[in-house]
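Q: Since chain A is already given, all that's left is putting chain B on it; use the hints.
So the sequences go chain by chain: A and B. For the first sequence, position 266 (counting from the first letter as 1) is numbered 265 according to numbering that gives the first Met the number 0, and the numbering increases by one without interruption. For the second sequence, position 71 (counting from the first letter as 1) is numbered 70 according to numbering that gives the first Met the number 0, and the numbering increases by one without interruption.
Note that these hints are calculated values from the structure, not bench results. Model, not experiment: these values are computed from the prediction. Incorrect hints may appear among the rest.
Partial list, computed: chain A residues near chain B (C-beta under 10 Å) [what the hints assert, rightly or not]:
| no. | residue |
| --- | --- |
| 1 | Ser65 |
| 2 | Phe69 |
| 3 | Arg102 |
| 4 | Met166 |
| 5 | Ile169 |
| 6 | Lys170 |
| 7 | Val173 |
| 8 | Lys247 |
| 9 | Leu258 |
| 10 | Leu437 |
| 11 | Tyr622 |
| 12 | Val626 |
Glycine included, every Cβ here is placed at the ideal spot set by N, Cα and C.
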Amino acid sequence: MRSSRERQIPMQKNNNLNLNYMELQKFTYDNKIARLFLNATVFWGIVAMLVGLLIATALVFPTLTSGISFLSFGRIRPLHTNAAIFAFVGNAIFTGVYYSTPRLLKTPMFSELLGKINFWGWQLIILAAAISLPLGYTVGKEYAELEWPIDIAIAIVWVVFGLNLTMTMIKRRVKHIYVAIWFYIATFVTVAVLHIVNSLAVPVSFMKSYPIYAGIQDALVQWWYGHNAVAFFLTTPFLGLMYYFVPKAANRPVYSYKLSIIHFWSLIFLYIWAGPHHLLYSALPDWVQALGVVFSVMLIAPSWGGMVNGLLTLRGAWDKVRQDPVLKMFVVGITAYGMATFEGPLLSLKTVNAISHFTDWTIAHVHIGALGWNGMLTFGMIYWLLPRFYKTRLWSVKMANAHFWLATTGMLFFAIPLYFAGITQSLMWKEFTEEGFLKYPNFMDTVVQILPMYFIRIFGGLLYISGVVLMIINVIQTTRTGKFVRFEEDQAPALKPIGESNEKGHRIIESKPLLFSLLALIVILIGGIVQIVPMFMVKSNVPTIASVQPYTPLELQGRDIYLREGCYNCHSQMVRPFRSEVERYGDYSKAGEVVYDHPFQFGSKRTGPDLARAGVKSSSLIYKNSVWHYNHFLDPQKMIPESIMPPYPWLSKRDINLSSTPKKIRAMQKLGVPYEEGFDQRANEHLLQQAAQIAQELRDAGIEVEDNKEVIALIAYIHRLGVDIHKTE
Amino acid sequence: MRLVRNILEGVAGLEIYPIIGILVFLAFFVGVVVWVLRMKKNKVDAYSRIPLDDDDNPSIENKDLSKQQSDSK
Chain A
0 MRSSRERQIP MQKNNNLNLN YMELQKFTYD NKIARLFLNA TVFWGIVAML
50 VGLLIATALV FPTLTSGISF LSFGRIRPLH TNAAIFAFVG NAIFTGVYYS
100 TPRLLKTPMF SELLGKINFW GWQLIILAAA ISLPLGYTVG KEYAELEWPI
150 DIAIAIVWVV FGLNLTMTMI KRRVKHIYVA IWFYIATFVT VAVLHIVNSL
200 AVPVSFMKSY PIYAGIQDAL VQWWYGHNAV AFFLTTPFLG LMYYFVPKAA
250 NRPVYSYKLS IIHFWSLIFL YIWAGPHHLL YSALPDWVQA LGVVFSVMLI
300 APSWGGMVNG LLTLRGAWDK VRQDPVLKMF VVGITAYGMA TFEGPLLSLK
350 TVNAISHFTD WTIAHVHIGA LGWNGMLTFG MIYWLLPRFY KTRLWSVKMA
400 NAHFWLATTG MLFFAIPLYF AGITQSLMWK EFTEEGFLKY PNFMDTVVQI
450 LPMYFIRIFG GLLYISGVVL MIINVIQTTR TGKFVRFEED QAPALKPIGE
500 SNEKGHRIIE SKPLLFSLLA LIVILIGGIV QIVPMFMVKS NVPTIASVQP
550 YTPLELQGRD IYLREGCYNC HSQMVRPFRS EVERYGDYSK AGEVVYDHPF
600 QFGSKRTGPD LARAGVKSSS LIYKNSVWHY NHFLDPQKMI PESIMPPYPW
650 LSKRDINLSS TPKKIRAMQK LGVPYEEGFD QRANEHLLQQ AAQIAQELRD
700 AGIEVEDNKE VIALIAYIHR LGVDIHKTE
Chain B
0 MRLVRNILEG VAGLEIYPII GILVFLAFFV GVVVWVLRMK KNKVDAYSRI
50 PLDDDDNPSI ENKDLSKQQS DSK
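Extracted from the complex, chain A is given alone in its bound form:
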């Protein structure tokens, strides 16, 4: 390390081979990339929110986009989540990182070219997502829906970002690396690991792949990823931004720098373990669930450490907070962070989770985080940065204040009704009559009950979005009144070579970026390995349930249609071991039942009923025959007048893609699914036989349908769900 540092010093562009380290060196900050990212943040922010508004409206007017496949709820909801997380928040992260990193390290960013690749690459990825998701190209794993070519692009662009960040650290002029940068580094390192591990897949064709993991193992990896995407994409980078922009805006240092160090290491250590709390009461082994709960509860300490540190930075500056919309937004943002991170551990308790899981409570929870923490911090940052980019004043402080109030009330009008909705619906699902029957056996009753809350949520969303519209006007007007100043000058002495000082312990770590990154990597890997490695061992130990067989080719095609239409966004496939669920849905789900599920489809929300036993005729309230399903897919309201499911008329028009069947079977064989040798060539024959039977059933009931339509495959898949373990009975 030492010799490489010494070599790098003379290589710095800006010091002109001047090795007199104490002399002040002049250099410039380039605002170009940060401004590009800021514009992208504003643009994708409004897009993500409008898409959110569209799907919120579609929930109460299910036929809103009827007949238009690429606007249906199941395809657009992933677009909303991906746009909010990776486009809006992602660009906000890059804005803040590209602005603050050079200033904290007293050096320009390492490479303008890498910055450009980072920016344009990221926008292209977003564009690819915005096109491919509505068209139904999806892996079918929440928040990791993008198909393998886009996944590879994400990995490349992310590494470009990391390289730019790390190299900037290496050629810095300050010895100590400020804590905000630690958070950026942890973000880079961990997101890279999460993304790669969770996206490993076997390609079937261009834009179609199957994850290498199956069933319960896939679920664990997915929620290890999903939870830590929240941690390391929505939280740590924003804590870094908080540690830079809050002191800047308040013009005072952070409340406790020591606290920031402790809470940094505790946070990244603990977060990585908490993923299994998304799978409580599922077929995941108990010890993994327990691990997830314990670490989730412990997480409240470092989370609140961060919140307290952020809020107390404003001690003695509350008079400023009253006037400055930037600080107001920061205060509400950090408070929302505190609320969400109090609620998180609460929701991880098994007793609470039994009620909250699969309901709108989760949706309310994440929007406190997204609208409050990420949204408010981003808006505050934008209002603070703009006048500095354009060397002018914010066009309208009044308007920014109005935005603050619209955003705050909008968030409350969004979240509070959903808390009511979630708890109400869950209690209705669980309620029994005195005679011991489900009080609301008809799922629809519990939906109708909460629809008014969905309307209020739309109102909340409208308030929030109107605030953003005000911001857009303010941004445009501010850019008009000023002139963009691309370069800003600064000066600092060159960094003394490490050899001249005799540092010990953590001082060495914090002054060596690569070593620091490595340590952060080890810290986050411990949690992942301790959880995931035993799960791989478990997989080899899952006793085969003899009656559980791979899907037939028709069912496999049907399953891919189920994935394409995003059914998992509203329907779970995981019956938890509760009396109320077993009564309603059938026998609780077992790990051995899903060993051929690439990917798993447990789901996380029950806007509609669970489908894990949708094929079991005897034991549930859920089973429906082929004719019912056919009519229901084409026009749900015809079968259930109050239904909020959108119609899928294209399913009866589009042909099953027969040419893909052999490829899919071969991909599954590669993944270890025991289709016999050479089955790929006979698969379509088998498929057509099974399809003919179902189609004949429908024709017997007077429905005109051809054998090779997609709806046939989907019905075959639905009727396969959960039946295997009943074969032996």
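A: Frame of chain A, contents of chain B only:
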């Protein structure tokens, strides 16, 4: 239930993982706390002012910041 029991029995020593996890975290946490408590106050104060060290107020660390700190108190 039989299934779940079978899975757990199949992997020896599983219950040790959560315990190892907690112990590793505790050791790590104690290490960080000890290190932070031993940090020198003037250094910490200087670090915490890095974001505020603007172009009109160049550089840090090598400079004596005690005057600034007393101003802010």
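Q: Confirm or reject each hint.
A: Going down the list of hints, with the structure as the test:
1. Ser65: 43 Å, violated
2. Phe69: With a minimum Cβ separation of about 41 Å from chain B (threshold 10 Å), the hint on Phe69 of chain A is violated.
3. Arg102: 7 Å, holds
4. Met166: 20 Å, violated
5. Ile169: Nearest chain B Cβ about 17 Å off; hint violated.
6. Lys170: At about 16 Å, which exceeds the 10 Å cut-off, the nearest Cβ of chain B leaves the hint on Lys170 of chain A violated.
7. Val173: 6 Å, holds
8. Lys247: Where the cut-off is 10 Å and the nearest Cβ of chain B is about 6 Å from Lys247 of chain A, the hint holds.
9. Leu258: 8 Å, holds
10. Leu437: Violated - the Cβ of Leu437 of chain A stays beyond 10 Å from chain B, reaching only about 24 Å at its closest.
11. Tyr622: 23 Å, violated
12. Val626: Status violated, d = 35 Å.
Checked against the numbered hints above, the structure violates hints 1, 2, 4, 5, 6, 10, 11 and 12; every other hint is satisfied.
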